Amino acid sequence: MKKEMLIRNLLYIIVIGIFFSSCVPNRDIVYLQHPNDPEKGEVMESDSIIRTYQTYNKAYELQPEDIISLRIASLTPAEFDFVKKYEEQLGIIRRLNQYNQGNASGGGQNMRMQGVGGGGEEGSGLAPIMLDRQQTGFVLDREGYLELPEIGRVQLSGLSLPEAEDLIKEKLKNYFETPVIRIQLLSFHFTILGEVNNEGRYTSFDPETNVIDAISLAENLTDFADRTRLKVVRFEEGEAKVYYINTLREDMLAQKGFYLQPNDLIVVPPLRARQTRNYLLPATSTIVGVAASTLSLVLIILNQTN
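For the sequence shown, the numbering used here assigns the number -18 to the initial residue and increments by one for each residue that follows.
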């Protein structure tokens, strides 16, 4: 019986060892770490600048076939806003790249924006597409021109959003009294896959979207995400450029891939602990249980035989 207990305890020790090897320590899930960060309990001076980083946040320049929203505020009466009428007459011309998915709740539906393939409760389906004026816009043609009534074609590709606003404002001065122009990019899409809680294709209306924003929209990374090797794939001028981002390091703020560009692809790989927890640990537990039971049965038979 002592031998039986010894072998059984040894098997249990193996299972416990595998279990702890599948655990993820806090240092592997905390974002933006730095070697000089204060230790637990250490008090830092408030409102002090500890470090600074030079960022690579290049202003987005409009591209051919981008979709933009154009809004005009002016002292001119609204009935003379031919730009607004032109947009409404064109109808919905924005390419639909993602769905609204809703869950039935009482007599209505609770709608929320999320990427195609985003998770939903069992039994939920694709709800009707809910469109409003923010989801309509003007499409730049293949040469990067925006065509407007009265003023004709305007070259916008290669311009930042503020530069495009200034150009349109100059063109409309003869038609609107003290016009104020606001242009918003509607075709800023990115895809995030892998160890996130809600992978899919997302739309952002902020041209300064960064990796942390993308992670937030995807409802954070899972505990088993390898935060040291996020891959950002960027498609520019016929090339696919790959950047690796270590979100555990504070200096990722200064990396070129930190700020996203439209159509970026983010891939989040898993830690080895994920495979251990999901596959190796259950299989080992089953094997150990069967082995322990078999061993006990064999020892009981041998004892009775003797």
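Worth flagging that the hints you see were computed from the coordinates, not collected in a lab.
Please note: incorrect hints may appear among the correct ones.
When the alpha-carbon atoms are kept at most 27 Å apart in a straight line, the in silico DSSO-like pairs for lysine-lysine are as follows [as the list claims (entries may be wrong)]: (1) K222 to K212; (2) K39 to K222; (3) K66 to K150.
In this text the structure is predicted, and so the values were computed from the model without any measurement.
Tested hints:
A hinted pair counts as satisfied when its Cα atoms are at most 27 Å apart, and K222 with K212 qualifies at roughly 10 Å. A distance of roughly 16 Å separates the Cα atoms of K39 and K222; the hinted pair therefore holds under the 27 Å criterion. Under the criterion of a C-alpha separation no larger than 27 Å, the hint pairing K66 with K150 is consistent with the structure, at around 18 Å.
Consistency note: the structure conflicts with none of the earlier hints.
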